[in-house]
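> The lines below spell out each chain.
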Amino acid sequence: MTRKKVSAIQAQENREINWDDYLQAYYEKPTSFRTWSGYETKELYTPEDRDGENYRENIGEAGQYPFTRGIHRNMFRGRYWTRREVVGLGSPADTHERAAYCFKNGGTGLNTIADVTYEMGLDPDHPWAQQEVGLTGVNIAHLQDMETLVGDIPLDKVSWSLITASTAAAPTMAQYVAVARNKGYDISRLRGSVQNDPIHFRYCGFRPACPLDLSIKLGSDVMEFCTREMPKWYYTTVNMYDLREQGLTAPQEIAYGLGIAMCYIDELIRRGLHIDDFAPRFTFYVSCHIDILEEIAKIRAARRMWAKLMKDKYGAKDHRSMQFRFAVHTAGCSLIPQQPLNNLVRIAYEALAAVLAGVQSLHCCSYDEPMCLPTEKGHLQALRTQQIIAYETGVTNVADPLGGSYYIESLTDKMEEEALKFMKEVEDVGGMEEAIRAEWLDRRFEQEAVKRQKELDQMEKLVVGVNIFTDEPEKTTPLGVQRISNISTKSQIEGVRKLKMSRDMNKLREAINKLRDTAAEGRNTIPAMIEATQTLATTSELLGTVREVFGYSYDPMNIIESPFK
Amino acid sequence: MGRSNPVNPDELAAGLLKGDRRAVARMITLVEDQDERANEMMKLVFPHTGRSMIIGITGAGGSGKSTLIDHLIGRFRRMDKRVGVVAVDPSSPFSGGALLGDRVRFQSHSLDEGVYIRSMGARGYLGGLARATTDVVRIMEAMGNEVIIIETLGAGQDEIDIIHVAQTCLLVLTPGMGDDIQAMKAGIMEIADVIVLNKFDLDGAGQCLRSLETIIHTGMSEDKGWAPRVVPTIACAAKSSDVHGVDELVQSIMDHQAYLHRSKKIEEVRAERIEQELGLVFKDEVEKVVFAGLKGTGKKRKYIESIRAGKNDPYSVVEEVLSTFLKEEILE
Amino acid sequence: MAYQDKRDAKTSSDPFVGLTPLKNMSGFEIKPFYGPEDLAGLDLDRDIGLPGDFPFVRGVYPTMYRGRQWTIRQLGSLGPPDQANRRIRQLVDMGATGISVCLDMPTIMGRDSDDPLAEGEVGRCGGVAIDTVQDMRDLVAGIDLQKISINFVSNSQSAVILAMFYAVAEERGARRELLSGTLQNDILKEYQAQKSYYFPPGPSLRLTMDTISFSIKNLPRFNPISISGYQLASAGANPVQELAFTLANGFTYVEEGIKAGMDVDDFAPRLSFFFKAHNDFFENVAKFRAARRIWARTLKDKFGAKNPASWRLRVHTQTSGSSLTAQQMENNIIRATIQALSAVMAGTQSLHTNSFNEALSIPTPLSERLALRTQQIIAHESGAAWTADPLGGSYYVETLTHRMEEETQKYFRIIEKLGGVVAGIERGYFQKEIADSAFRYQQEVEKGERVIVGLNRYTEEGETEIELREIDSDFEPHKIAALKEFKARRDQDLLRSKGEELRAVCRTEENVMPTLVSAVQAGMTLGEAVDHMRAVFGAYREQAIF
Amino acid sequence: MAKKKIKVIISKVGLDGHDRGAKVVASLLKEAGMEVVYLGMYQTPQSIVKAALEEDADVIGVSYLSGEHLVFTPLIVEEMKKHGLEDVLLIAGGSFPPEDIPSMKALGINEVFRGGSLTGEIVKYIEENIGGQGA
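Chains as they are written, first to last, in the working numbering: chain A, 1 to 565; chain B, 566 to 897; chain C, 898 to 1443; chain D, 1444 to 1578.
Treat the hints as calculated values from the structure; they're not laboratory data.
A virtual CB, placed ideally from N, CA and C, is assigned to each residue, including glycine.
Treat the hints with caution; some may be incorrect.
Covered by chain A, per the in silico footprint, the following chain D stretches (three or more residues, Cβ under 8 Å) [unchecked claim]:
{"hint": "1", "segment": "1460-1467"}
{"hint": "2", "segment": "1471-1485"}
{"hint": "3", "segment": "1496-1505"}
{"hint": "4", "segment": "1511-1523"}
{"hint": "5", "segment": "1558-1568"}
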């Protein structure tokens, strides 16, 4: 199949029309009828595709087991999904300012994202950190940074989502709780979430910070702590999304995501918690890619699978444990830098799919993400996209509006069937922990990612601006570029250096020793981390101390030695 | 000094002997490319070689060779030895491309000027790879590396050719390879001076260790002087405290080297190496000179035609060519 | 700070829930949840069936877009005909597979560019000025009319436009049986909503039927009429009104055709439709599906059509221009995006996506490309085109489709009582219904009951600057000069006699088209032709409706 | 005779660990017949250039994602100059705004391939440009 290369649109208006190209375009039909994940679709779906289906048992009404059609009967009539935008711009002060901007413009929840150095558990003055502090998010080195970030935001009113995924999620919670307590809040009333899925984060470039045993230990510490102390807090968002971004297919995304979730669940049960104690606060981060109907089917399948898993495997009795709660992040990997405004179209479809699938919390990518960090304009447009879907399109009036569609129901079954196959495969390898340890999952990711690129190279998948309807490359980004202020970075580095000189070392040392002992005794480390945070221990000091107890180098990058020896 | 620019063998060799890393790199490329200028350079390099400790490591993919090497480099660097590594990947000969990922595992030495690492792909010619490897090892010797580690994949005959250059050969195995071990009994005895049983924390490790020891004991004849040793290791672990057996491995290597020197076997080994190199160079050059030489004369086509027409066969043709060729050459 | 006046977090209630109407745009109450029991009254075979099968709820073709993608039809008109011609080429080059051409205001009003009333309006507002057959020549120069279909958004002047198009095609030696193209030519909705008419409904309808029968005989692949709900909706009709009135108009044309002695199966297959894709996603989908079912059943049962092609309702769709806001224009990208998807999921045959800055200017190259790419992204990336009627079977969609049909039947009964569509127009029924809906909608928006992002909620102080396209404004004097020169070169005697002939044929019951063709060939301008006809038919004045 | 092979170093630089793109490019350049030396994550300008030098690479490909392109590019170029590698092609992949491309090229990057590039484009560029520049 050949396609013409269309050149810059403003040049040469008066060209001759190539009628062969035109006719080819006119008689165009899809070259492949496969879903984005590669499954054949039929020409048409009819009532026969639903033969033998047991509506009550396998689909059910919204708000009823197995929750295929949604976890609430009245869905968005009860409450819209939470419209979130992810914010993280270098220093805590700059990030606070952008967060306030999003609230002003109708954001109903706050997401702050940690930068690379924070996720890696490095302080800004670490040799590896200095070039990159704040490039991709907010850097929180210590209690005072968290205080600056919080500022005057009322923690008892705002639903705050702290996006720290790695083992650094434990210090994040410690810092957040410490600030909240210092400000006089009753932490049992705080609402929000922390991403806290260190297992998956090893696949996002943070392996040094996320060894498997430490991931399970600290991840579960946060979960256990919140289950006991913060009943309104969502203590993990198992991140299927990031897995999908590695190049997986839709059913692989849910299969491996559920697999990772089970690692934590098994640990919490080992610690003596009952499934119904904690499962209601389990949440997921799911991708919505561009194949709208497949994504809807995927999410419906995930709801059904989670419900069955909770009930049948873990013996949950509380129906809240069986409700698959999820946030959607539209697929960053579906966006491209070519003809960037087209991304607005893609994001809108993906967001629509999320809403049609009954999402609880939605974050739209900013159209400029393939170029830079989101601009203010990009953030705003992403938010507006959600608002238009919410208020103007009428799709929120009905729970699971696609339920019953021959195609959707059949595709939902297909997604479940395929995902179960992938889960079985993991079981055959020896379970998820083993699949991770033996790097079986790494190899799977690599194979799949190469497949995805080949699909584009070989025109099996068409993407406008990549392999069809390409134009001359843009010279500028239509709505501007976001930069991170150097000043903000430098001040962050200076800040932590100064802080380290001015602390009460005796108190600090005592708190660090206590944290070390707690970890060594196998007890939950969060309370000790909170205490140490109050003595101005930094993120890397908290993590490094626990790392050493587990036999790892104090410094994930293996350069710095512990100052507490 | 762009790759497309002409290269002066003398200048390159001089640069190499001074330790100019770029000259070394360029020279290795010429050897790999079987560039016609390579031989001239190797002549200049050769006198400066023959004194290094050469260690070969082979084993199946995923057995942990690169990680072991990473540990070995560290130990030798602590002894203040300069280390050269030739990481050979003979796989994927069909597309001709190669993905050489060993450097990922050598991360901890990525800035150390005392370590020189070169990755080599098969380039679709397995036989030639052995030749190129021997040359590369000579180059690395000449640049002043006191320890040279050759890594290659698998233990087939071609890989054994590659590894044969080494004085001390390590075979890396992992538990769960029981059947394979039985099947390669002879190969093990032939090449391995030290058998590394890596990933010793996996199920079935003890069983595997016992069967290896049995193979060695039963296959061992008393007069050999050195019995292959089995060293259990755990090379790849997230925590340094979980790494085991590396010291023992280094000790075994040093023991083997000591044995070679003590028993004067080292001279035998060096002679064997030269014999092998001579063989490789011979094979290569004769083929190049004779077979490629036929090409220009138009005789090759004639021979092919006559074989195709059933009037001749390859064996007679080679016999004929060689006898006339050798006569002419030697008589000259 | 802003978040302090937000809801109390503990109650978990969104401040704006309850503000979004739980009624759709047609005013139906929507239940929170639909399940199998909602389909209890439907017979799946009889009422839904398969794509490509009667009653075509699930689409008019069995394989839908697997057989051929919908036509990506974008607006190619701009300024004088030669500029429009360049724009058409450019659109085709970017991947458009069909073209729509709008007329400028003077042409719509039946006036030539040199008319004093045309001053300052020539070639404005994304419309092209067509005065003479020469303009038609310039417009389609270098464009293969057998391959690309141009949709002329012409109504009252359709007979003249068709005459010019036919004349140009003839002189270019095109094979008539292969010529494609579309006329909007839907005069009834002009009286109901758009209000650009010259003559009273009777003669207007006759002209429409003349163009249809001329085209059926001479241009078998041409679509002589595109029965348009879009303009009704733009004037304020809600989706069910758009559906009911458009179909009622369609049935009126069928009746007129039968009255004029044509066989329904000869002309019904050439009737096509034009709907708006509005904001309410599912209501929009249901509207298309209901339209197909009603049309199929009525043509078969009431008009006795036997040819399946007569039963199939084929539709061109445009995303909703009236939903676009001048505020925060980028939001219009999102609106057009979602509306376009609903049109595709509803099974449209042809689609026009609006450019996001259309509320303020004619499209810029950037916005135009984005509009086109939106359709290409649906086609190639979204997966929505891979299976026919992907929403078919959905409890909500099927229920809503059924409901749409029921409500439409209620309107049909009212129209019948009034004595039909023309009688309804004369009594101002449609105009009042539409005006009432428009008023209600406006009220809802003003009270904030219906949220329009950026308009009555989430408004912003400053606006981003967006590049606006300024068309070359020098062309008006050139256009007028060229027209004067054209007029001066004509054979005045021939022209006069063609004028006499035209008036004469208007007084008979004969088809005016052959005479019109020869008149425009003789150089008669659009304005002159309209004047001649108006001399016979008289002008129409609408009574004010309150 | 062995064919001359194109040797490419593919690396991430700095802390950013989004290595999927780099891995995919490495695999696909291999399939296109090149010898690819993959360095992986957490590389520094020094370690990348050391590897390129030892491997006698024709091409260095670095993958950026998180806005670090303007930080590391000058450091890599400087390091290359220090070791006389001006004749090695330096290409960058990943996410960055088009506004930065002229300055990246001015700093010494020969070509950039952002997301949404096809493997064929990269292969073609490399094949047509190696050895040519600087000579």
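> Let me make sure I understand: some of the numbered hints might not hold for this structure. Which ones are they, in numerical order?
Of the numbered hints, just 3 does not hold.
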